[in-house]
Amino acid sequence: MKTLVTVKRVPDPETTIRVKPDGSGIVTDNIKYVINPFDEIAIEEALRIKEKQGGGEVVLVSIGGKSVTEQLRTGLAMGADRAILVLCEQPLDSLAVAKLLTKLVEKETPELVLMGKQAIDDDSNQAGQMLAALLEWPQATFASKIDFAADQKSATVIREVDGGLETIGFALPAIITTDLRLNEPRYASLPGIMKARKKEIKEIPVADLGADITPRLTVVKMAPPPKKEAGKKVETVQALLDLLHTEAKVI
Amino acid sequence: MDFQFTEEQEEIRKQVHALCSRFPDEYWRERDDTGEFAWDFYQAVADAGYLGITIPQEYGGSGLGITEAALVMQSIAECGGGTQACSSVHLGIFGLEPLIKYGTKEAKDKYLAKVLSGEIHVSFAVTEPDAGTNTTQISTFATRTGDGYLISGRKVFITKAKESKKMLLLTRTSPYDQVDKKTMGMSLFFADIDPKAVEVRELHKCGRKSVDTNMLFIDNLYVPKEDLIGEEGRGFYYIIDGINPERILIAAECIGMGKRAIEKAVQYSKERIVFGRPIGMNQGIQFPLADSYAKLETAELMVYKAAWLFDHGKPCGKEANIAKYMAAEAACEAADRAMQAHGGYGYIKDYDVERYWREARLFRIAPISQEMVLNYVGEHVLGLPKSY
Chain A
1 MKTLVTVKRV PDPETTIRVK PDGSGIVTDN IKYVINPFDE IAIEEALRIK EKQGGGEVVL
61 VSIGGKSVTE QLRTGLAMGA DRAILVLCEQ PLDSLAVAKL LTKLVEKETP ELVLMGKQAI
121 DDDSNQAGQM LAALLEWPQA TFASKIDFAA DQKSATVIRE VDGGLETIGF ALPAIITTDL
181 RLNEPRYASL PGIMKARKKE IKEIPVADLG ADITPRLTVV KMAPPPKKEA GKKVETVQAL
241 LDLLHTEAKV I
Chain B
1 MDFQFTEEQE EIRKQVHALC SRFPDEYWRE RDDTGEFAWD FYQAVADAGY LGITIPQEYG
61 GSGLGITEAA LVMQSIAECG GGTQACSSVH LGIFGLEPLI KYGTKEAKDK YLAKVLSGEI
121 HVSFAVTEPD AGTNTTQIST FATRTGDGYL ISGRKVFITK AKESKKMLLL TRTSPYDQVD
181 KKTMGMSLFF ADIDPKAVEV RELHKCGRKS VDTNMLFIDN LYVPKEDLIG EEGRGFYYII
241 DGINPERILI AAECIGMGKR AIEKAVQYSK ERIVFGRPIG MNQGIQFPLA DSYAKLETAE
301 LMVYKAAWLF DHGKPCGKEA NIAKYMAAEA ACEAADRAMQ AHGGYGYIKD YDVERYWREA
361 RLFRIAPISQ EMVLNYVGEH VLGLPKSY
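First to last, the sequence lines map onto chains A and B. With this note's numbering, the residue at position 15 of the first sequence is 15, and numbering never jumps. With this note's numbering, the residue at position 74 of the second sequence is 74, and numbering never jumps.
These aren't lab readings, by the way, just hints derived from the structure by calculation. Incorrect hints may have been included.
Claimed, not checked - Output of the computed footprint for chain B on chain A, the stretches with three or more beta carbons under 8 Å from beta carbons of chain B: (1) 68-76; (2) 182-189; (3) 194-207.
Claimed, not checked - Taking lysine-lysine pairs in the PhoX-like style, the calculated list, with each CA pair at most 25 Å apart, reads: (4) Lys195/A <-> Lys32/A; (5) Lys295/B <-> Lys32/A; (6) Lys50/A <-> Lys195/A; (7) Lys20/A <-> Lys195/A; (8) Lys14/B <-> Lys66/A; (9) Lys20/A <-> Lys270/B; (10) Lys227/A <-> Lys270/B; (11) Lys225/B <-> Lys270/B; (12) Lys108/B <-> Lys181/B; (13) Lys295/B <-> Lys318/B; (14) Lys110/B <-> Lys202/A; (15) Lys195/A <-> Lys114/B; (16) Lys14/B <-> Lys195/A; (17) Lys14/B <-> Lys198/A; (18) Lys14/B <-> Lys32/A; (19) Lys181/B <-> Lys386/B; (20) Lys228/A <-> Lys52/A; (21) Lys66/A <-> Lys99/A; (22) Lys228/A <-> Lys114/B; (23) Lys2/A <-> Lys221/A; (24) Lys165/B <-> Lys110/B; (25) Lys225/B <-> Lys114/B; (26) Lys318/B <-> Lys386/B; (27) Lys270/B <-> Lys32/A; (28) Lys162/B <-> Lys209/B; (29) Lys199/A <-> Lys14/B.
Note that this is a predicted model, so its numbers are computed, not measured. By construction, the Cβ of each residue, glycine as well, lies at the ideal position given by its N, Cα and C atoms.
From just these sequences and the hints, can you work out the full model?
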């Protein structure tokens, strides 16, 4: 099976994020970047599918500046076969990303697109759904288990939803977005790292894809969440109830 | 001049961190407590292909340099495993050079793949109770017998002899007083640690409990002549090549451990509130940590300079020795200060820094004492008369 896996370069979740004083974005100096952890799960799943089926191809796709090569190289070291980098310096909203991915899917004709359910930087959780809509493909978001029919024409996915788990079946090709419990991504081996050096990262200028990436969203302001204030101690339950009513105004 | 690691070197560092993150502090604390060898860590490192990182590709290794090997060791130490983690894999990362350079093709074909897969461990048996750093004075002797040798003698401070099937064993084949040059007449064997002829007695030590250090009593160990490495009588020259890389790797390990200690101390002193503010606000806490960090960063430069020189086939004795000296001092001081910053908790095992403190101390003694490094610098770098 040919699988396309999306990879986004995001700040390391362990980095302390600081908002710029003018609220226009975050301070990017000294920030370490990693593969979006949900995308890492998607890469792992694609590799497992390939290993289990004993064949196929895992193609990584990313959109961004040259620096994204670092994350693509990591994915190739994990075992992906090749990568495509759409060179684009401007920030993109989810719809623009989905439109660019549509063009790539048309070119690459994969049976499956695996994506992280969301990127941990802006947490939009939209690109997968939008891509499915644009392609008119089935979608299975928040996947915690994926199985394929023997003929590889359809799949069953267990989704993590608010009420519990939902199992859905659908025909391929399709979009699946990965949730946290799907798998534990591998670390690359040394031979994997060395092989990655020789694997192809094809660069495509964004203009060549001919997609409409006009921004439809504007970031007005970024602000850090308010600091948590110290709590209050009360003597009696009644005092607590009174405060919840008069001060917190929640009951 | 280029102080930048390559993309691939950065990736190695990143992936070693990813591997080590599966072996948290609790894992190493437990090893330190029970003394049980870190088998699953060792196997994970072998499976990920790091053993044999410096072994040529024709023998299944990765054919990379000491720079990459040092990066691996530093990263392992940085992740909290300290010397327990590093020593468990050290010889697989680097140490089989004599066999690779001077061994027969048969021996290499037979053993290297098994070392790479983690199947056989190898010990390095050179030091003796009566001949510490003065290697030419060793008395373990190999006597020719038919198609092989019979070896008897004692070795001390032999790491991992309990796990190892094989050892690189240095013996005399001509007595010290019968050779023209004292460095001649020694031979190197890739010998079996045959329990019938080799008694392994573990020494109980200050730290690194899960990686055994042993005394070996060798009594008429038979070694076939195929297991002689290179020419008889030239063994000393085969091991001497490995001395600088070993110092570089140990130094890298020290940097990793020192940085980890500082990281722990920084974290603790940000969180620990005394007199209404984090103790890290006090210069009495901050300055020693900042000073140690500066020293570690500086020593690190020397480590990678030495590694770079070695990988480019240039002499690196001065740099490798100085790197080991500075890194060991910096690591010991960093661990000590990290403990001090932790106050009473620093003495408690749950906070890990006392473990680094005990472990780092080894490297002011091994693999060569700081004093002998200064002797080297005094004599060979500064040109002063030999003092011993």
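Consistency of the hints with the structure:
no.	hint	verdict
1	68-76	holds (count 4)
2	182-189	holds (count 3)
3	194-207	holds (count 3)
4	Lys195/A <-> Lys32/A	holds (24 Å)
5	Lys295/B <-> Lys32/A	holds (24 Å)
6	Lys50/A <-> Lys195/A	holds (18 Å)
7	Lys20/A <-> Lys195/A	violated (40 Å)
8	Lys14/B <-> Lys66/A	holds (19 Å)
9	Lys20/A <-> Lys270/B	holds (23 Å)
10	Lys227/A <-> Lys270/B	holds (18 Å)
11	Lys225/B <-> Lys270/B	violated (61 Å)
12	Lys108/B <-> Lys181/B	violated (30 Å)
13	Lys295/B <-> Lys318/B	holds (18 Å)
14	Lys110/B <-> Lys202/A	violated (42 Å)
15	Lys195/A <-> Lys114/B	holds (22 Å)
16	Lys14/B <-> Lys195/A	holds (16 Å)
17	Lys14/B <-> Lys198/A	holds (19 Å)
18	Lys14/B <-> Lys32/A	holds (11 Å)
19	Lys181/B <-> Lys386/B	holds (18 Å)
20	Lys228/A <-> Lys52/A	violated (48 Å)
21	Lys66/A <-> Lys99/A	holds (21 Å)
22	Lys228/A <-> Lys114/B	violated (57 Å)
23	Lys2/A <-> Lys221/A	violated (41 Å)
24	Lys165/B <-> Lys110/B	holds (13 Å)
25	Lys225/B <-> Lys114/B	holds (21 Å)
26	Lys318/B <-> Lys386/B	holds (16 Å)
27	Lys270/B <-> Lys32/A	holds (21 Å)
28	Lys162/B <-> Lys209/B	holds (13 Å)
29	Lys199/A <-> Lys14/B	holds (19 Å)
Against the hints set out earlier in the document, violations occur for numbers 7, 11, 12, 14, 20, 22 and 23.
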